[in-house]
Structures are given as C-alpha cells and as structure tokens.
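Start from the sequences and build out the full structure, keeping to the hints where you can.
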Amino acid sequence: MMSYVADFIFMPLIAFVTGLGLVLMARRVRAKIERRVGPPVLQPIYDIVKLYAKKTQISHGIMHDLSIMMLLGGFITAEIFLPVPGFDGLAGEGDLITLIYIMMVPMLGLALGVGSCANPNGSIGISRALTAMLAYDIPFIIAVTGACMAYGTTNLIEIVQIQQAGGPASWGAATMPLLAFGGLLAVHGMMGKEPFEIYIAPAEIATGPMVEMSGKYMGALFIMQCFQLYTIGVIYTTLFLGGGENWPFFLAKVFAVVFISVAVTNVYGRFKTDTMIRWMWKWPTGIALAGLALVMAN
Amino acid sequence: MSDKLPVIEDQPEICRSVDAGERSVWTRVMNRFADHCRARSLFVLHYCTGCGAIELPPTITSRFDMERVGVSPMVTPRQADILLITGYLSIKTLKRVILSYEQMQSPKYVIGFGSCTINGGMYWNSYATVKRLDQYIPADLFIAGCMPRPEAVQQVLLKLMEDIDAGKANGWQDYYNNYDRYLGNQQALFGESWHTPTDVIAEAKHYGYLADGTMGRHTDLLLKRADYALDRVPEDYPERGKNERRLP
Amino acid sequence: MNTVPQIIFPVAIPLIAAFLLPIAGRCHAGFGRIFGRAAVLVTFLASALLAWQVAGAGPASSAMGGFKAPLGIVFYADNLAMAFVLLLNIGVWLFWPSGDEDRSGPYTLLLTLLGGGAGLVLSGDLFNIFVFYEIVAVASYGLAASGGSAAGFGASLRYLLLSALGSSLALMGIALVYAAAGTLNLADLALLAPDVLRGPPGAAAFLLLLIGFGVKAELFPVNSWVPEIYASAPVRVTSLLAGIVSKLALIVILRFLVLVFPMPSAYGLLLTLGILGVLAGELAAYRARDLNSTFAWSSIAQLGVIAIAFSIPGPAGIAAGIALALHHAVVKPAFFFIADKWRGDVKLLSGGARTSPLVAALFVLLSLSIIGIPPLPGFWAKYLLLDAAFSSSPAYWLAAAVVLAGAVVEGAYLFRAAGFFYGGPQKGRGAALFMPGELVPAFVLGAVLLVAMFAIAPLGAYITSMAVQAADVPAIAAQILLGGN
Amino acid sequence: MSLLLRRRFFWEEIDLMSLLDILLLVAALLASGLFVLGRGSFAGWLATVVYGLMLAVLAIAGLALDSGVAFIPSAMSFEILGRNLGWRLDGLGWFFALLTVGAAFFASWYGSGEWGRKQKRMGLQHALLALNVLAMLLLLSSGDLLSLFIGWELVSWAAFAIMTQGGGPAVAAAYRYMIYALAGAMAVFAAIMLVQNVTGGLGFADLQTAISAMSTAQVWVLFILFAAGFGVKMALMPFHLWQAPAYSETPGASSAFLNAVSARMGLFALILVLVKLTGLEALGSLAIPFTFMSAKSALMWVAAITMVVPTFIALMQTDARMLLTWHGIGQGGYMLLGVLVGTSLGTAGGLMHVFNYATYQAALFLAVTAVIHRAGTSDLDELGGLITRMPWTYVTLLMGIIGLAGLPPMNGFVSKWMIYKSLLDGGQPLLLIMAFAATLGTILSVYKLIHNIFLGQLRREHQHLKEAPVSMVLPMLILAGIGFVTGFMPGLALNITDIAQRAIGGDMLPHHLGGVTLATGSLNMLWVVGVLIGAIGAGALIFYLLGNRRYEVHQFDNYAGGHFLSADIRYHFSHEFYPGLARVIGPWYRGSIVRAEQGIGILVNVAGDLWQAVFRVAYTPLYMLLVVVLGLVFTGSWGIVP
Amino acid sequence: MSIPAKLNDVLHEMPGIKVRMMNERRVRVDLSPDTLPALLEILKGRLGYCHLSAISCVDWVQTDQFELVYHVWSHMLKTMVSAHIFISRQPGQFISVYDIHAPAGFFERDIHEMFGVHFEGAPNLNKFILTSWGGPPPMLKSFNTREYVEKTFDWVQYSPDWLKDIEAKGGGID
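Protein chains in written order, with my numbering: chain F, 1 to 298; chain D, 1 to 248; chain R, 1 to 485; chain X, 1 to 642; chain P, 1 to 174.
Because the hints were derived from the structure by calculation, they are not lab data.
Treat the hints with caution; some may be incorrect.
[As the list claims (entries may be wrong)] Computed, partial: chain D to chain X, Cβ under 10 angstroms: (1) T93; (2) G191; (3) S193; (4) T196.
[Unchecked claim] Some chain X residues judged to face chain F by a derived CB distance under 7 angstroms, without partners named: (5) F160; (6) V308; (7) Y447; (8) Q457; (9) G530; (10) V531; (11) I542; (12) L545; (13) R550; (14) E552; (15) Q555; (16) R583.
Think of the CB as a built atom: it goes at the ideal place given N, C-alpha and C, for glycine as much as any other residue.
See the structure below:
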C-alpha cells in the first residue's frame, strides 16, 4: 500500500503541470497562426488562480458542487491508472477498458452539474457533448480493440513493454498504421478542438456547458482541460507510440500528439452535430475498421 | 422625481480596503499573489452596447493583441471580469447592462468607452439615453473621446491592470456598500417596480459587504415587491406586460 | 363372454319409451315429461349395468335371433362403445329440455336419438350401423327445428338435404363393400378385407362411407351446416349435437378404419380432411364476430383435431382421439350455454366480468383448458395427441404443427373476447346478467373439468386400456364370430 | 468461496429433501392466502415477511449447494400417462430463484407502503405477485422437460394475469404478449415432443442422448424451436415488440418485479437447455452451410443485435417507463452474449449481469414509480427540476443509471467489463464494438432520463412537491445500495454466480473479493472504486479549501442573453433531447419488424374470411357432387400409387 | 424628364390633385386626406405600386397640422410616388391603410407612439419601442426634450482648470 502513496500524489501533479504546458502550447500555436504574440508563459496559471481567487462563488445547488468534485476526482483517478515512465501507478489493478470507463465518469459528472444549473444553453451543450462522445468513441474503440487484439493483452504496462521490446519498429503506429491514423482522428475529436467543438460553440450557446460556471467552478474546468489534454495524449502515446521509455522522449511524443491536433484545429470552422457524426462514422471508423481487418487477418 | 445629487469632484483616492481586523502575513501574501494574478488574467465581456464595439476586434486580434497581457474575450457575464460599456446607453439597454453587471462575479470592473457614458455625449439632450453611467453601476475607468481608438483602449486596460495590481479597482464593493443609492437612481428611471433576478442584498450579507449604505428607502421598496421565491411572478415585471401581443 | 340379453336394452328401452310417450302424454299433460326422464333413467341404469359387466368380463356380443354371421344382426359392446353410450345417456339427461311446453314432440325425438345413438355405437353390422345412423339423423333434424324460428327451419332443411345426400353416398359405399366382400358383418369384413378391399374399389368405398358418416362427424367438406344449425337450434340441442352426437359418428368411422379399411390411403384421407378441418375451423373462428358462431367454428376445428388423432394408426392415436373427444364433450356444451345468453357482437359484451364475474371466470377456465394449458385436462389430451403424432411418420408432424398453430389462433380469439369482458369499459347495454338457473349444466361441466384435473392418471390409464382393446382386431373378430350364438 | 460460512453445521441436520418442499409449500400457501385475505393492508407486510423467510431458506439451500451437493431433490413427483414428473433445485435454478424472491421481496415491500394504499386493487396485485413467484419457483426447480414446460406455461400465464391489472391499454398490451407467449410455448412443446419421439423419454438425460442420436437437420429444428420458444420470453430481437408496452403499463411495484426478473426466465431456460444440456461445443459444431458461422455464433449475433437496436430505440422514447423497458430488452442481449462466449469469464460475466441488472433495473423502476406517485406523470416532456424536491429519489435514479450505463462505482461496470474481456480474449472484435456502441447509447439515453426528470427548470406546478414517503424511498435506496456494494466488492456476487456456474458445468472462474486477476489484464474494484472515492474526496478538498464560500442562487438568476427569466416561461430543454443524432439515425427507424407483425395479423384475417366464404355455399347438391368427384380422384390416384 | 404617361393620366383622373415631378424617379402628389386611400388603391391595382416603403409624419405646430407622407414604389414603372396630406393636429385622427399595404401596420404604430396620431382600423397601436416611456409622444415639437432632460437627469459638473481658462477666453459649451 505504502508504495502507491508516491504514485497517488505525483502522478496527478505531473499530469497537471504537463497539462498546463499543453494548454500554453495550444494558445501559443493559435496566436502564432493568427500572427499574434500569444499569452505569457504563466498565463494558464494566472487564469486558474484568478478564477479560484474570485470573491463571490455562485452555485446552483449541491449537485453543481458535487459535479466539480466528480470532475476532478474522475480525472485524478484516470491519471493514477495511466502508466508513465517511472510511475506505474495502479495500471496493474485496472486495465485499458477500465481506464476508458473511468474517463467517462468526469464527463457524466460535468453533465449532471450543468444539468442542475437549469440553463437551456448548458443542456443543449451537454446534449451535443454526449452526441459528440458517441460519434468519436466508436472509431476510438475500434482502434483500441484492434490494438488489444494485436498485443493480446489489455494491461497497459505489458502493452508498453511489448512496444518497447523492438524499439520504434515495434511501435503500434509502425505495426498498425491504419489503426493508429484512425485513432488519431478519433483522438482529435476527443480533445474537443475546432472542427468538433460544437458543444462549446461560444456564438450559439454561450460556451455550452460552461455557461453558468464561474469562479472556482470555471477554475476546475480549466484544470479539467489540462488533465483532458494530458490523458488523451498519454493514452494515444501508450497505445500507438510506444509509451514512455524516459521522460524527455515521452513528453516530446505527448506534445507531438497534441500539437498535431492543435495545429489542425485553428484552420477549420465548426462542424454541425450531424455533420460531425457522419464524418466521424465515415472516415476514422472506415480507416480503423480496415486496420482491424488487417490485424484480424494475421 | 429623483432628488438632485450634490456635485462630486473626482473620485477620491480610496486606499486598498483593509479586511476586517489585522490580517496575518499568510493572507496578505496570498492576497498580494491573488491581485498579481487578477491583474494578469482579465476576461472581457463581449457586451457591445453602443457604436464603440468596433474598436474591440483590433485591440484583441493581431494588430494590438491584448492576449499578450492576459486579456481575452469571454461570452457570458458569469465568467467575465470586465464589463465594457462602448457608447450610448438607451434606457432599455441599461436594464440589460445592470442585469449582466449583477450576474458578473466580483471583483468586477466597468470601463466606460467614449463621452456618451461620461456625460451623455452627443445624445446629451435625448429623452431616451442615459447621461451618466456611474449613477447606475459603479464605473472604474472612463475613456474620453467619441469612440476612442484601440491605443486608448489598450492604455485603459493597462491602467486598470495597474489599479488591480495595486488593489485600487474596488468599484464593485461600492455597489454593495451603497446599493441603496444605485437602486434609487435605477428606480427613478425604470419605476418603482424595478428589480433584477439577482438578490444583491443577500449576496452582500453572505460575503460580508453590508455597509450602512446598502439598505435604505429604495431597497425597502425592492424587498416589498421582488419575490425571489419561484412561484410568484410580479405583475409588472419588466417587459412582461400583458399587451405584449404579436401583430396579427 | 357369452351372449348377454341385456346388450339390447340400451337400444330397446328408449325406442319403446319413445313409442309410448305420446300415448302417455295424451292422457295427462305433465306425465309426458316425467315419463321421458324416467325412461332415460332406466336406460342409463341398464347401460351402466352392461358397462360394468363388460368392464369386468371383457367385450360382449350377441347375434339377434341366432342367425350366423353373414345374415344375422350382431351387437358388439366393448369398453369404448359402452363409454360413449354412457356419455350419450348422461348428455341426454343433462340437456333434457326444462321448458314447460307440454308438447311431447321434442321428448320423443330425444328418446329416439338416445336409442339410435346407442344402437349406432353398439351394432357390429355395417347395414345395421346405417339404419341407426338414419334414425339419429332424423331425430337431429327434428330437434334442430324444434327451436321454432324461421332460421331454424331453413337451416335444418339444408341440413336434411346435405345429410340425406350423405346417407345415399354411404349406402352406395355399403353396396360397393357388399358387392366386393359378400358380407356386411364387421368381423367377417375384418377377416376378408386384406385381400378383397385392397384396390381402388376399397378406397372408393371408404371415401363414400367417410363422406356419408362425415356429415354428422362435422368432417371438413361436409360441415357447412354446422354454423347455421348451432346458431338457430335451442342451446340444449346444440350442445347435445356438438358435444356428443358428432363424436358417435367419429367412433363409427374409427370402427371402419380399424376393422375394415386399415390401408394407408384411408388413414391419409382422414388425416387430410382433419387438417383442412382444423385450418378451416380456427381461421374462420378468428373472424367470427359473435360468441355463438365462434364456438361453432371452434367445434369444427376440435372435431378436425379428433379426426387427426383417429387417423394415427395404432392404439396411441385412438387413445388421444378418445381423450380429446371426452374433453371436447365436457367443454363445448358449457361454452354454448355461455354463448346462449351473451348474444350479439363481442365488442358490445364489454364489462361482462363486472355483471357476472363467475361466468367470465368459467369462460377463462374453459378457454385455458381448450387451448391446452398444463394443469388442465385439455393439455394432457393434446399431449397424448402430440405424443402419438410425433412418434409416427413425418406427415403427422405437419398435422401436429397445424394443431399447435391452431391452438395459438384459438388463444388469440378466445382471449380477445376475454379482453372485452375484463378490460373493456361498460359501454352500451354490456353483457346481460345471468339468472342462476340458466347456467346449472355449464357449472356442472366446469366442475367436472376441475375434478378431472386431479384424476388425470386413472382416467389416462382407463382410456389407454380402452384404446388397446378397440385396436385389437383379431380378438374383436373372434368375439363377434364365435361368441355370437 | 472464502466469504460465506465454511463451517458445516446446522444445515446437515435438516433433511435436504424438505428444503425445496418448504419453499414451494410456503409459496403456494402465500399465493392462496393472499387471494383469500388480500383486502387487508397487512397483506403486503405479511407477504414481505414471507418472502424474507423464503430468502432465508434459499440461503440455507445455497450453503448446501455451495458445499458440493449437486441438487436439492423434492418429494413432489407424479407419474402421469406413462411419464414421471419430478422437481429438484440445482445451482442454476437456485441462482435465479434467489433473484426472483429478492425482487418479489422489494416489490411487495414497496407495494405495501403508501403507494399500495393509493392503488385500486392492491390486494389482488399482491396475490398475483405471489402467484408469479410460485410459478417461477416451479419452473426453476423443474426436474425434467415436461415439468419444465408446465412451469414455463404457468410463468407466462401468471405474468399475463399480473399485466392486466393496469386497466385499458395494459389489457391490450397483455393480449399482444399472450399471443407471443403462446406461440413460443407451442414451439417449446413441439421441441419437447420431438425429443420424446427420438428417445422415448422426457428427462434431461434424454435430451442429451437425443442430441447425439438425432440427424443434424433434426438438431437444427430442435435448436431453432428451443431458441425461438425461449427467445420470445427473453424478447430476443425478432420477438421483442411485446415487452416494452407490456412491462411499462403494469402498475409500479409489479412492473419493477417483471422488469427485474420475469424476462430472465427465458434466459434460465435457454442456459438450461442450450448451454447445460446440449453444450456449447455441440452448438458450435452446427455449421451453417456456405458461411463460417455456426448456430452458436448466429445466436450470439442475434444477442448482439438485441443489445444495440433496442438501446437506440430507447433513446427516442419520451416516456420514462418505456425508455427503461426498452433498455431491459437491450440488457438481455448482454447476458445472453456473455453466457454464449463459452469461457468461464464470459459465463460468470453473463450471470453476474443478470444479478446486477435485477438490482439496478428494480431500483430505477421503483424510482420512476415514485416520480409518478408524486408528479402524476412519467412523460419526460412534462417533468423537470425535481432534484430540489425529491433528492432521495434522485440519488436512487442516479445510482441506477450509473449501474445501467455500466460506469465504475456501480456493479453494472464489473459484469460489462467481464463480458468485454471475454469477447476480447474470445477473439470477437465486432461483437465487442457493438457491445460498446450499445453502452454509449445507454449512457446517452439514461442521461436524457435523469436530465428531463430531475435537472433543469422546476415547473410552477411542481413547486410544492414533497419527497416520496419513507416506505417507498427505503426499498429503493437499499436496492441501489446493493448495487454499490456489489460494485465495490464484486466478489460477493461472484460467489453466488459460482454456484450457478458449477451447475452449468465447465471450469470455474478464479476470483477474489475485488474482482478478477487474469494474465491478459485484471480488474480490482477495491482499488478502482477506492481510488475513485479518494480522488473525489481530494476534489472536495480542493473545492472547499481553495475558493471562497459558495453562495446558492435560485433558478431564475441565470444567464439568458440579457433576458429576464420568470416562472411562466418554460425554457427547460427536454423535448427531442438529441436533435443532431436524430437527424443522422432518424431515417434508420423504419419499423420494419412492426410492419412484419401487422402483416401476419392481416394474413390471418384474410385467411379467416376465405374459409368463412367456403362455408357459405348454399346449393348443397352441386357442392356434394364436387366433393365426391374430388374424393374419387384423390382416392383413385392414391390407390394407383402403391 | 417627364412623368411616365400611364402615371400621368391616372393621376389626372383624381379630382383636386396637384402633381409635381421632383426628379426623374420621384413624383410628388398633394391631395385631400379622404381621397388618399383611393389613390393608393388605384396606384397599387393598375400601376403596380405595391411597395409602401414608409409613412413619415411632420409636425407643423404653427399651422396646427400634421403632414403625413406615403411613399409608394412601383417596380414596374420604377418610380416612387410621395402622397402628401395634411390633417389637423387637435384630434390627430386618420384612417389606417393597413388593408391596402400590410407594412402600414408598423409605420402607423410608430407614428402613433412618436406623434400621437390615432389611425382607426390599425391592427395594433400598442407601445412599440418606448415600452417603459410614460411621457407624451416625444417627437412632437410641443415636447421640450431639453427641459425634460434637465429635469430628469443631472450632469457631472466637470470643470477642470484647462476648461476654465477656455471659458475665460469666451469659449466653452454655451
């Protein structure tokens, strides 16, 4: 039991710090694309501290507060089950399927909290967010199934060891290119970036779920964004890019995954919900299914 | 009619309001750090009330890029810190402005763009526009000019950041401390039955900003009429008149 | 078992009583009714005595006047025959018209029906069977018309025409058999049949006999009279005809099949008619709108099922047929009694369960039994049928499938009606209220059904032994030929 | 089997023979007793206490079964028409009996509270519930095929009786159910007779010998008849139309019972006949020509489709009860899929899903009935914002939907995880993807359920609603609590499914209190749920320590683009909750199966008219002549053919 | 530039009408109030003047009259006819032309709110823009906005020293 205490404390912190870096990178890349200077280095921290330092905190009921706790709790649990170089955490106790389900707990928590705010914009935002989840999770699951079929196990530690056994040649992306590419498109959807940002559409539904979030509630959502980018990046790296041999190489891969998505996002407009579903169920699903067929063939 | 107010010279310099009792070093350090962060992360509410809204895009996009200093636009009053009143305010728009102001989370700051918010501007003699913004909601800073250029907007934001850093931008406390005065002016304009869904007095009580100016003659009117309970809707709720019928 | 004079009594007593009744009736009005009931009681006692003897000492037979086989009239009584004679007596007693009309007409006809029916089942001679069949037919025309309504007259006239044509065909069949075999005694025929009636003439003879006797047994092509008669005849006559008399005709056909025409084409023919009967009955009943015609069609279907059962060679088929016949004889009359009071479109009967809950409960009990729901006897009868069907050739598997599908359709229309009784709102005049007296026979039959539920094992054993006895051709032949002194 | 008592003491003295008899006797006495004195209000409480006793008897029986006894025989056996009928309770039957009596316990407890006093004929409902339990116990403890069929008929007719208690529309739904059930029963009857035709007997052993003795064509017919017959009750895909209206029209408490357990009788029979007696290898060997599918994989695909399609139909429902019953059909697909995978993990997953489903579906239905009891309607477009008025019902519904959606803290997740893992290890990726799509569909529709009822704007007419009475809230919470406890410590439920799995045969699943540790990836719910609760605690710490004190505002202090919100505007977003999804999958709902069902109905009507027309022929002589000529031709031809 | 022929002879059919060509695409017509609906009817029916672009009102306080101007466009002749009528200020009554041109409903409601002219038969003359205005119709010349503003609002007496010396030199606002 004691050996885990270090993991419990450090893994979420590492995730938070890396997350801040990822958010900063995202805003800087957006600024550079718009020929702007971009925010200072500590801007994400300033935002979060300012939100937590708000003098008045508006709440819409006990469920609104509980959802914030579920949000942070869910992601902290997800971080603990994500193996990173140096810390294996509880990856042995719960495998990849458990991790995918634990990532749904914060989404459900957010949905319940926004629902209890009794704001129509929030409800429409959550309905679109859940529809988007349905859209991007199917190609993602096909990619994950294919990967697990190829590796023969769902224990994340073993998956990382299998990929590191033969160096970059035995990486998921190398052995299963189609699955990796399908997975990447799905992961782009999971991050809620521009083409698939229908549920935070500021112009239409006033930032959807975040409409009644203010002060420390909004701060928690900013933290969630950091955790979300980090978690998705690490899952993709673990599955297809050979996981973390050492920290610098691992961080480079995670930043690379998020960079691809962030670079793409600022060039696109926003898909409508049904266009998004049709796109997600056509291209990434098709590619992933082809990859799955290949995996099942041999 | 509303009683005439004595002429007030410039806003006196209010030194940073000391919280109740002597505070420990820890809270002072934390407050100092909080003010530091508040100054560097400001969310501007996209509230384009008048003709000045066109000045905002250049200040935020690549030419003047306010994100360098941490200012970024936000959609709803809940998440915003700065409320920009860009130009003239008709009486109907002022109702929405007051509603949005009260929905904002304090510490919140109001910046009045252009002379319309200072003294009426070119609509000074119109029956439909409001002449002085700071009578109805506490305005921290004004920018003179009949629509100031983005450089002026940039300067006012930097000035606001200095005030926040120094802990001086406390207009929002004034709204709590002297709510009765503000409410009196508002009721003078909109009528006795005027009230917003936000219960400012309860909020002030909750966070300890009750001063002698908070409750008064006008708030008694408010408490009599406004029923924040859910089932009763006051008859003459703004724009909720019975004759609101669509053309056949 | 040696010749027993009592074998004649079940036939003789009712006929004599039928003859004396008008005379007795003339000298004292009420006397006719009491005399009739007394006669039936006496016949019942005689047949019970005979049945007890037959059960004890095995089948009895006697040649009238000592004439030997080819010429004489032979009576043959075994358990199967005696069972149905007893059933007929009980039926006539139960459905004895309770009305106060003092005309002696219906009573005499009933007594002739009783005598003729007993004779039909007991006689061992082909022509003798034909004669008693005519007596029964004539009695049933009269009874069917005794309702006194114009529709009743019209229906019974058409029924008479159909039945007469059928009888003439049966006569042609008997002539064919006589021409081929030279004798009309069933036992003789049983011995001669394998070589004489093998070819097409045998098949043609069987067809003619089948159609002739099929009219009364409600077999498929010739049962178009059923809906009209049962709709217009008085309820007691309907239940008598539907419940018991049609079974007697089927027993006769069974005798032919077992003794005279044991060839596959005969079994095939009866099977096809049975399947078509089931299909016709069930689907038509599904479309029927009022209760009475629903039960008329359903009796056609049930008779089709019994025909299928009898068409299965071997004692298993016969046992299933007997079980189904007895069960139908108990259930169908009760149904008709309910239909008698609840006339008109089923939709108008909504709320029946509120006016008379007991009758609705009886209706549900009877429906459950006729569909074949386990604890009730209907299920065991159907179980015997399926047991027999599935253990013989695949053609019978198709028949079993049709019977099961028929059960589903049966459930559909019976519970559609039950749905109106229980679920429908009380609109229109709703179902009429039952007077206590009117439903005594129905509740008696319901009670019989419930009692039978617990006595399945002994009943089953008795029926299977009766079937084995009926299927044992050489023993029958020996009994009739040797014992008939 | 570490947890349950290991020491052998009192149950050895009790003569095992009488355990099953006690159970059946008590059930029969309760059913008849309630029919007689059902009027009194104490009838409900009496029934609840008796169900408690029956649970105790079953627990003792469980102890016996767990320590190696093959089955618990019963003195009751008959010899009818040359066949003997016997009753005995084996592990599989015991598992389902436990669920049945448990569900009845909670249903009657709920019914005897204030909800029951408001019903018209609650006494009759209690009696019919007891009748249902008796029928199910008879089915579950059947010793041979004939008693299995008798039990099957009794169960379907008892369910029919309890369904008609709902009044007008319920009777119509029950009538439709009855036709499906009758068709299914007749198919099973034919199958049993087929077995008897081959082997001459009707015992379970005869079925096994029959399978080996039969030709493949006959085995195919037997498989289809059994699968279709039992599939009707389990609402497998083509025969599923009756279940949703029938189970949602039944009055509250009994519909919770029906939903939790009644459809699982079909699964029991399927497992008993197809998995235990014929065995999965035999099913696997039945290859469909020209395809690499076998009978087993065909049934698995039917189960998979039954998982996905009803879930997305549930998504489009606007009535809370219909939504839940459509999910019931979907979850049935999960259980069957788990059992059919064949590995011990899959079977354990399938059986545990039966247990989990019973707990959270009953809790969900009791919660929705509480909402109907208070708000008067279960239409999702008429409700909203009840969280402030009915918090405990909200908690139950929340735990229920987390279980139904299969998310970590609740037990639904464990069984779904085991089914997914077995599908992954069993090499069935497409089925896994369909299972996951069904889970996503469930998450979407359950959120719509809880959002439209409890979250969002509270309507003016629901201002003065009170929480449901204690007699209704307590059973709900206990059921949800069971769901959480078995989710936190799945070992408890796995011990129970062990007994059932041992009865089915095949290898046992090594498991511990927290879950399963396998070479290819393990699950330890003690850690998963423990860390989740710890992390939520950390989130709470961050929430309460860091920011300023929270200030609760009423629902009209809300951002609406500068508009002044008030009670007379209805701005709750609930009608057609997923418009984007509806635009994409809307056209896929063509209701083809509904039209097929109507087609059969029309066919029967037309055939009926045809036959009636045949009988209205008036001119008899010509008709008779025609018949004779036809007959002669028929016999003539038959005669020639030897 | 002359009035299109068709328009010219139609206009001259009307008694007591004064026609003047303002520019090549705009004709001014002056007529008595009670003949206006007839004119609009004819213009719309025969010449395609189906687009009523505006009704404007001028408050002649000296002659105590309101001047109502109906601007009607024809896409066929591509010209605009402005019909000017004068009604007396006291009763401020006129008939509504809503049944001829539907947009008139809004224009009449606006004029009613701003000038107080009552149009019989107008579908809806409720408060239109100034929903919370309690005072007299504000656009009337008789309404002194300056005095109202002075009475309702007050000013920042902002007099920094740089302004004082400007006023000293005779500049400043008033």
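Taking the hints in turn, this is what the structure says about them:
no.: 1; hint: T93; result: holds, 9 angstroms
no.: 2; hint: G191; result: violated, 14 angstroms
no.: 3; hint: S193; result: violated, 12 angstroms
no.: 4; hint: T196; result: holds, 8 angstroms
no.: 5; hint: F160; result: violated, 38 angstroms
no.: 6; hint: V308; result: violated, 11 angstroms
no.: 7; hint: Y447; result: holds, 6 angstroms
no.: 8; hint: Q457; result: holds, 5 angstroms
no.: 9; hint: G530; result: violated, 10 angstroms
no.: 10; hint: V531; result: holds, 5 angstroms
no.: 11; hint: I542; result: holds, 6 angstroms
no.: 12; hint: L545; result: violated, 10 angstroms
no.: 13; hint: R550; result: holds, 4 angstroms
no.: 14; hint: E552; result: holds, 5 angstroms
no.: 15; hint: Q555; result: holds, 4 angstroms
no.: 16; hint: R583; result: holds, 4 angstroms
The structure fails hints 2, 3, 5, 6, 9, 12 (numbered hints given earlier, in ascending order).
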